[in-house]
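Asks: Taking the hints into account, I'd like the entire structure generated from these sequences.
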Amino acid sequence: MRWCVVFLLGVFAVVEACGPGRGVGRRRGSRKLTPLVFKQHVPNVPESTLTASGVPEGRIDRNDTRFNDLVPNYNDDIIFKDEEGTGADRLMTQRCKEKLNTLAISVMNMWPGVKLLVTEGWDEEGYHTPDSLHYEGRAVDITTSDRDRSKYGMLARLAVEAGFDWVYYESRSHIHCSVKLESSQGAKYGGCFSGDSTVLTSTGVRRKLSELQIGEKILAQDTSSNELIFSEVLLYLDYNPSQKREFLKLTLSSNRTLIITPSHLVLKETLEGYRTVFAKSISVGDKLLVSNNSHSVVTDSVIEVSGVVRTGVYAPLTAAGTLVVNDVVASCYAIMDSQAIAHWAFLPVRLGWNLKQATLRVWSVISRPFRVWSQDSAAVRKISEPGVHWYPRMLYTVAQYLMPSHMTG
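When the letters of the sequence shown are read in order and numbered with mature numbering (1 follows the signal peptide of the UniProt record, and there is no 0), they come out as residues -17 to -1, 1 to 392.
I should point out that these hints are in silico values taken from the structure, not numbers from a laboratory. Here the structure is a predicted model, which is why all the values come from computation and not from measurement. Do not take every clue at face value.
To be verified - Dumping the calculated PhoX-like pairs for lysine-lysine here, alpha-carbon to alpha-carbon at most 25 Å:
no., residue 1, residue 2
1, K191, K134
2, K64, K15
3, K22, K134
4, K98, K15
5, K200, K22
6, K191, K232
7, K251, K232
8, K251, K270
9, K200, K263
10, K270, K227
11, K263, K191
12, K232, K270
13, K191, K98
14, K263, K227
15, K263, K232
16, K251, K263
17, K64, K98
18, K134, K64
19, K15, K134
Replies: Have a look at this one:
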């Protein structure tokens, strides 16, 4: 009975690939909201850091292909100043639109009769600094419709609660809000590693994740014995060769590097042993598990943590639930800080894979008794279809209402 409860918790708790979950609809406990003070920003880091809104991708104009990713916001509960008369202030990324609509509801609930006012949205005129997120539709400047400056501190706090990734009480006349880069649905469910990261296959070939096929066996760690094993790739949680994403680059003392999304899980040495933590919590001096030349596990110290942008996101799921990427041991999971529950959540995937392989083997014996099984197994290997796999997408839909916020990245 106990294992059933754990499994159900895992399924409804969910982990998917990596990256920033939206958290829409998550219940919050009642607590007193504290207004921001002038020049305060949340989080207390620069806007361009990965734990805030991240690095700029580059200015978007109307002839840019990325212009098609911007969506208009016609919410009647929001007033758009639109000084240019072009409707540019209404254009923004989907993520920015969702956060802004959520904030509009909070404003009306906090101050009946008052609406949210957007004074600046997407900028095509070049009025901001060169690296401004206004040029990408990822930032808005806001006030209240009554222009009551005494409300601005609380307005900033409401923006934080609405889910904006960086909120700044920038001036006496407005609040500045911005969001993370989001070029497709993959950013909602996440992505894990860059395509130029490598894994070691059971055939001794070191292969890039961009070239890895479903069904191949790659080096991983058995979490029950902590020994390195070769484990089959069951599917890709996220596979998008063309998507641009922000990553953390962890550089180790041995010159190994791991390029990984901030909410992905890695194995870190602690006083109690080893445990999985979010990559974004790793700092200089922390020790990670790595594979040496004899395929045994040792520790290696982190000497640098930096942010990079790469094109291509890959999140392979192995039967073991772990993998060794660029010789660094990592989890296949993200968003949630429990490797055990995450692995339970994907038990149906492993059972389905085993059933499929058993069926293929029986069919092979019946129809082609003289053919070597290893040849048949190679036939099931294939490249994953681009996008987020339906199973983690389904789990995410359920979990955004049920997963405790303290367990998420």
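Asks: Each hint: holds or not?
Replies: Going through the hints against the structure:
no.	hint	result
1	K191 to K134	violated, 52 Å
2	K64 to K15	violated, 31 Å
3	K22 to K134	holds, 15 Å
4	K98 to K15	holds, 22 Å
5	K200 to K22	violated, 52 Å
6	K191 to K232	holds, 17 Å
7	K251 to K232	holds, 16 Å
8	K251 to K270	holds, 6 Å
9	K200 to K263	violated, 28 Å
10	K270 to K227	violated, 29 Å
11	K263 to K191	holds, 23 Å
12	K232 to K270	holds, 15 Å
13	K191 to K98	violated, 51 Å
14	K263 to K227	holds, 19 Å
15	K263 to K232	holds, 10 Å
16	K251 to K263	holds, 12 Å
17	K64 to K98	holds, 12 Å
18	K134 to K64	holds, 19 Å
19	K15 to K134	holds, 16 Å
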